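**Student:** Chain by chain, the residues run as shown.
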Amino acid sequence: MQTIGTNTVVKMIAAAAARIRANEKDLSALDSATGDGDHGTTICRVMDAAETAAKGDTSGKITELLNKVGWDVMSVDGGSTSPLLGSFFIGLSEGAGSSAELDAKATAAMFEAGVAGLRQQTKAQPGDKTMIDALVPAVEALRAAANGGADVTAALRQAADAATRGAQATKEMVAKFGRARNLGDRTRGHADPGATSISHIFTAFAEAVGS
Amino acid sequence: MQTIGTNTVVKMIAAAAARIRANEKDLSALDSATGDGDHGTTICRVMDAAETAAKGDTSGKITELLNKVGWDVMSVDGGSTSPLLGSFFIGLSEGAGSSAELDAKATAAMFEAGVAGLRQQTKAQPGDKTMIDALVPAVEALRAAANGGADVTAALRQAADAATRGAQATKEMVAKFGRARNLGDRTRGHADPGATSISHIFTAFAEAVGS
Amino acid sequence: MVMKKFINDPKNLTPELLEGFALAYSDKVALKNEKLVCRARPKDPSKVALVTLGGAGHEPALSGFVGEGMLDISVVGDIFAAPAAPKVFDALKLTNRPAGTLLVVLNHAGDVMSSNIAMQMATKAGLNVKSILTHEDIAPGANAPAENRRGLVGCIPLYKIAGAAAEAGKSLDEVLALAERFNNNMATLAVALTTATHPASGQSIFALADDEMEIGMGQHGEAGTGRSKMKSADETAAIMVTQLLEAVKAKAGDKVLVIINGAGATTLMEQFIIMRGVGKVLAQKGIVLARARVGEFLTVQEMGGFQMFVAKMDDELLKYWDAPCDTPYMTVR
Amino acid sequence: MVMKKFINDPKNLTPELLEGFALAYSDKVALKNEKLVCRARPKDPSKVALVTLGGAGHEPALSGFVGEGMLDISVVGDIFAAPAAPKVFDALKLTNRPAGTLLVVLNHAGDVMSSNIAMQMATKAGLNVKSILTHEDIAPGANAPAENRRGLVGCIPLYKIAGAAAEAGKSLDEVLALAERFNNNMATLAVALTTATHPASGQSIFALADDEMEIGMGQHGEAGTGRSKMKSADETAAIMVTQLLEAVKAKAGDKVLVIINGAGATTLMEQFIIMRGVGKVLAQKGIVLARARVGEFLTVQEMGGFQMFVAKMDDELLKYWDAPCDTPYMTVR
Ligand SMILES: Nc1ncnc2c1ncn2[C@@H]1O[C@H](COP(=O)(O)OP(=O)(O)O)[C@@H](O)[C@H]1O
Ligand SMILES: Nc1ncnc2c1ncn2[C@@H]1O[C@H](COP(=O)(O)OP(=O)(O)O)[C@@H](O)[C@H]1O
Ligand SMILES: [Mg+2]
Ligand SMILES: [Mg+2]
Ligand SMILES: [Mg+2]
Ligand SMILES: [Mg+2]
Numbered sequence: 014m015q016t017i018g019t020n021t022v023v024k025m026i027a028a029a030a031a032r033i034r035a036n037e038k039d040l041s042a043l044d045s046a047t048g049d050g051d052h053g054t055t056i057c058r059v060m061d062a063a064e065t066a067a068k069g070d071t072s073g074k075i076t077e078l079l080n081k082v083g084w085d086v087m088s089v090d091g092g093s094t095s096p097l098l099g100s101f102f103i104g105l106s107e108g109a110g111s112s113a114e115l116d117a118k119a120t121a122a123m124f125e126a127g128v129a130g131l132r133q134q135t136k137a138q139p140g141d142k143t144m145i146d147a148l149v150p151a152v153e154a155l156r157a158a159a160n161g162g163a164d165v166t167a168a169l170r171q172a173a174d175a176a177t178r179g180a181q182a183t184k185e186m187v188a189k190f191g192r193a194r195n196l197g198d199r200t201r202g203h204a205d206p207g208a209t210s211i212s213h214i215f216t217a218f219a220e221a222v223g224s
Numbered sequence: 014m015q016t017i018g019t020n021t022v023v024k025m026i027a028a029a030a031a032r033i034r035a036n037e038k039d040l041s042a043l044d045s046a047t048g049d050g051d052h053g054t055t056i057c058r059v060m061d062a063a064e065t066a067a068k069g070d071t072s073g074k075i076t077e078l079l080n081k082v083g084w085d086v087m088s089v090d091g092g093s094t095s096p097l098l099g100s101f102f103i104g105l106s107e108g109a110g111s112s113a114e115l116d117a118k119a120t121a122a123m124f125e126a127g128v129a130g131l132r133q134q135t136k137a138q139p140g141d142k143t144m145i146d147a148l149v150p151a152v153e154a155l156r157a158a159a160n161g162g163a164d165v166t167a168a169l170r171q172a173a174d175a176a177t178r179g180a181q182a183t184k185e186m187v188a189k190f191g192r193a194r195n196l197g198d199r200t201r202g203h204a205d206p207g208a209t210s211i212s213h214i215f216t217a218f219a220e221a222v223g224s
Numbered sequence: 041m042v043m044k045k046f047i048n049d050p051k052n053l054t055p056e057l058l059e060g061f062a063l064a065y066s067d068k069v070a071l072k073n074e075k076l077v078c079r080a081r082p083k084d085p086s087k088v089a090l091v092t093l094g095g096a097g098h099e100p101a102l103s104g105f106v107g108e109g110m111l112d113i114s115v116v117g118d119i120f121a122a123p124a125a126p127k128v129f130d131a132l133k134l135t136n137r138p139a140g141t142l143l144v145v146l147n148h149a150g151d152v153m154s155s156n157i158a159m160q161m162a163t164k165a166g167l168n169v170k171s172i173l174t175h176e177d178i179a180p181g182a183n184a185p186a187e188n189r190r191g192l193v194g195c196i197p198l199y200k201i202a203g204a205a206a207e208a209g210k211s212l213d214e215v216l217a218l219a220e221r222f223n224n225n226m227a228t229l230a231v232a233l234t235t236a237t238h239p240a241s242g243q244s245i246f247a248l249a250d251d252e253m254e255i256g257m258g259q260h261g262e263a264g265t266g267r268s269k270m271k272s273a274d275e276t277a278a279i280m281v282t283q284l285l286e287a288v289k290a291k292a293g294d295k296v297l298v299i300i301n302g303a304g305a306t307t308l309m310e311q312f313i314i315m316r317g318v319g320k321v322l323a324q325k326g327i328v329l330a331r332a333r334v335g336e337f338l339t340v341q342e343m344g345g346f347q348m349f350v351a352k353m354d355d356e357l358l359k360y361w362d363a364p365c366d367t368p369y370m371t372v373r
Numbered sequence: 041m042v043m044k045k046f047i048n049d050p051k052n053l054t055p056e057l058l059e060g061f062a063l064a065y066s067d068k069v070a071l072k073n074e075k076l077v078c079r080a081r082p083k084d085p086s087k088v089a090l091v092t093l094g095g096a097g098h099e100p101a102l103s104g105f106v107g108e109g110m111l112d113i114s115v116v117g118d119i120f121a122a123p124a125a126p127k128v129f130d131a132l133k134l135t136n137r138p139a140g141t142l143l144v145v146l147n148h149a150g151d152v153m154s155s156n157i158a159m160q161m162a163t164k165a166g167l168n169v170k171s172i173l174t175h176e177d178i179a180p181g182a183n184a185p186a187e188n189r190r191g192l193v194g195c196i197p198l199y200k201i202a203g204a205a206a207e208a209g210k211s212l213d214e215v216l217a218l219a220e221r222f223n224n225n226m227a228t229l230a231v232a233l234t235t236a237t238h239p240a241s242g243q244s245i246f247a248l249a250d251d252e253m254e255i256g257m258g259q260h261g262e263a264g265t266g267r268s269k270m271k272s273a274d275e276t277a278a279i280m281v282t283q284l285l286e287a288v289k290a291k292a293g294d295k296v297l298v299i300i301n302g303a304g305a306t307t308l309m310e311q312f313i314i315m316r317g318v319g320k321v322l323a324q325k326g327i328v329l330a331r332a333r334v335g336e337f338l339t340v341q342e343m344g345g346f347q348m349f350v351a352k353m354d355d356e357l358l359k360y361w362d363a364p365c366d367t368p369y370m371t372v373r
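Keeping their order, the protein sequence lines are chains P, U, B and L.
Numbering (our numbering) for the first sequence: 14 to 224.
Numbering (our numbering) for the second sequence: 14 to 224.
Numbering (our numbering) for the third sequence: 41 to 373.
Numbering (our numbering) for the fourth sequence: 41 to 373.
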């Protein structure tokens, strides 16, 4: 696929929501090991809200669609996940600009704006065992692939693989943010639930675009 | 022994307190089966107070000694046991009158007044599975023995045996008073703790007088 | 289950807890004779005094409501055990006044015996004292003889109403008549979910299976009549409030006061959800929720469960319920 | 352990509990937009408003203190989870007034994010809003950076003091300055004994051995630093109050406010015994127990344990602490 438009964006979000729902129990179990055990529930509510907002879009504009998704995600009561992902989607909306179709480079720019939006809400850095550890490498891989001439499908595939590796790598890390922070060393050996969710979301994005 | 005086009364009360202390755990266990499990604790505190009051007597008069015992027992915080036994001892005090030495008949009259004092505080009747089921037959046996010409030692021995039989008989009864009442039929098969205490007290009285 | 409690010597539970309580609320209460919780600023002696008695271990319980507009003295016994009669008599002597004293007694055997003896002593001593017995538990049936019905959380709103009438300068007979009217129009039902440990003995006070609850259990684990499988909050609320409304003969248009009294471990979250369930039944029946309170008033250590209290109110009762009071655990402006 | 709670559908816990709460206290609070707990009789708009936010499941928690003299609006999230930023912004719009609004935020990641976003939205919308962050937990050390220190029960006396200053007509800057002074002179330490079950998931939120306690555990079972064998009430009280007094730099002659905040299952009996232990240490050090409160303000379901709070007070802070207020769970005459 060379470019993505609103229809594809809706498909991507719906696929991500479906994949998150299928993994709800696992994600809560991961959060039980390092945090308070509710991440599966919260990320499901967040992605359900995102899906509903995306499917309900009547503007036909990527930026407006994503802005609505962002606010609706932000409106979910649920600890850290909803402001973080809400800001991510609002960032995507800002990054999408007025384009109706985004090629690989424009997609990379959109996701970079998403990361910037999310990072406004937290001081967490790569290595701190948070969703950032999946998100940052994913978007870096996306940018690298786009700059290297890959199409959207291939670039998102690269991003998904990087997100999955990033989430895996959190196993070796000690949590410095979120409710896991207090467990310190005891978090080692468990993947971060938020990072794992991000890897599911990017994997679903890639599949939705690829298929 | 033909008569009892203050010294013997002190000895009787001290013996009863010692025997109750030796059975504290068992008495609480009985109360656990039918009530709230505190009877051992409470009856110990009651009899400790009785012993201290008796030993501290300086009046040399049975009625004053028992009146002090009664009030001090009554002053123990502890559910039903302290007003019941406090009233019993105050009744004994009233029954003792001004005599310095009590023969078997006078002893029987004293204990009858004790029973009357206790029964002012409760509507429980024989058969209701309370301390009355040991106390009433004990004092009836005491009266019968005294009327039959027995001396104090023999009469108290009869009373102790009747109290023990009375306490045993409560096993077959269903509680109608106290905290055991709510358990109804489930109290069958367990001796009443209060009646068991009374049997210990009379047994100790008889031993103190006999020895 | 092992007992896990912050205590020192189990023998000193009651004096220590009272000391800490009086320390925290020294502006409102003062301890006398170790176990008499008295108002820090005594009531004007021209007004009727209110005294009550009961065991410890149910905090805030009776002593939590000593202060302006409620109780003058709470006589404290030991853990789950009535105070001795001479102490109750001491309290009656302390409040002795021409206006008289009302002694409020909850129907529990030990409390009744101690107060009977204390009342006899007071009468002999020529004190002007009357007493009232609360017995609003409907677990044995709303029509069971009064002597078989325990006094539960209903004593606390009764202190509030009688206390307000006393502050308003009503005579002993008037305060008693008002308290009796309230007493005759109130009902409580308790439900238990999980047991508590007796803080002195460390023993569980009863046992329920993991999926069982029991409606009608008393303040000390006394067995009730309604053991059943766990029910939802709405079902539980509906069963209980229906019986309570029937017991007080409330009909459409009547005004009721409802109190949800947590036993210990049951959360306010749950109590609010129960309250919501009560509200639904009241709305269906057209009965007016005139006033409500939700919280822990009379507890049973860390027991899971609650007491539900309903009283049918008239304008005079509501006036005294709304009157100001200032105690450690109930203040009305 | 199996969860035994009076609930209906676990998905509806928060709206149902809020409905029951608002029903019981309809004279004091009213629900708006399902999860904004507002004063039933709004404050005079010429006075500064106070808004706060936080998860549910900690009842009475923040919403219990909405009313005259304390909070104007409490924005409620879900069980143990912060409310969404747009709801916080809704509350700020509702209280919008020239006198301004103070947003009180407890230092928990979700709450901080939501309130940061809401503050950005408010600033964009031209509202006159300032915010204050409570972070008085000393579990990570009294000198740990503020961002690592959680906001615990200290928010509640802060609402009281800032709320009283607002009622007294102080400006937003004055209210904020006073609140900051209190904020900088308070410290809290929590101790846990037994776990609680998350009422939606039914899972235990942490585990401790039968003979263990943990000093420093957070509001949601977040691990602390001081796991140890069970200690007596006096030992526990002494360890905790000593650290707290040090944290607020209290010295002989200073006046302190102490709050013992039960976590859920720990009885008032125990809390009073702890209070007595605190009193002994204060007496030794010649520090004055100026004011105290003992009870459940911010709970963690049926968790066993408590939070101990100490604040160094001056005359102005005491004046506002003593000022009248009228909320469901704190009333001062
Ligand atoms: N301050 C933070 N910065 C970045 N990510 C965070 C932060 N706090 C939490 N997270 C992410 O959120 C995940 C937990 O989400 P969730 O369980 O829904 O929220 P909560 O921690 O409020 O219960 C963590 O695994 C982590 O990836
Ligand atoms: N109303 C009563 N009349 C006579 N005896 C009673 C009554 N109530 C209790 N008892 C006696 O007291 C005993 C229990 O005593 P105890 O456990 O000390 O008091 P409580 O029942 O207050 O815990 C019972 O076994 C019974 O013999
Ligand atoms: Mg979580
Ligand atoms: Mg007993
Ligand atoms: Mg008892
Ligand atoms: Mg959470």
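Just so you know, these hints were derived from the structure itself, not from any lab.
Small disclaimer: the values here were computed from a predicted structure and weren't measured.
From the three backbone atoms N, C-alpha and C, an ideal C-beta is built for every residue, glycine too.
One should not assume that every hint holds.
Chain L regions said to be covered by chain B (calculated; three or more residues, Cβ under 8 angstroms) [claimed, not checked]:
# : stretch
1 : 80–94
2 : 143–153
3 : 292–306
4 : 313–326
5 : 337–346
**Student:** Now, for every hint given, state plainly whether the structure supports it.
**Tutor:** Quick rundown of the hints versus the structure:
Beta-carbon proximity to chain B at under 8 angstroms applies to 0 residues in the stretch 80–94 of chain L; the threshold of 3 is not reached and the given coverage is violated. Only when three residues or more bring their CB closer than 8 angstroms to a CB of chain B does the claim for the stretch 143–153 of chain L stand; here the count is 0, and the claim is violated. Residues of the stretch 292–306 of chain L lying with their CB closer than 8 angstroms to a CB of chain B number 5, which satisfies the three-residue condition for coverage. With a threshold of 8 angstroms between beta carbons, the proposed coverage of the stretch 313–326 of chain L by chain B holds, since 6 of its residues qualify and at least three are required.
Remark: the stretch 337–346 of chain L is confirmed as covered by chain B, as 5 of its residues place a Cβ nearer than 8 angstroms to a Cβ of that chain, reaching the required three.
In this structure, the hints that do not hold are numbers 1 and 2, in rising order.
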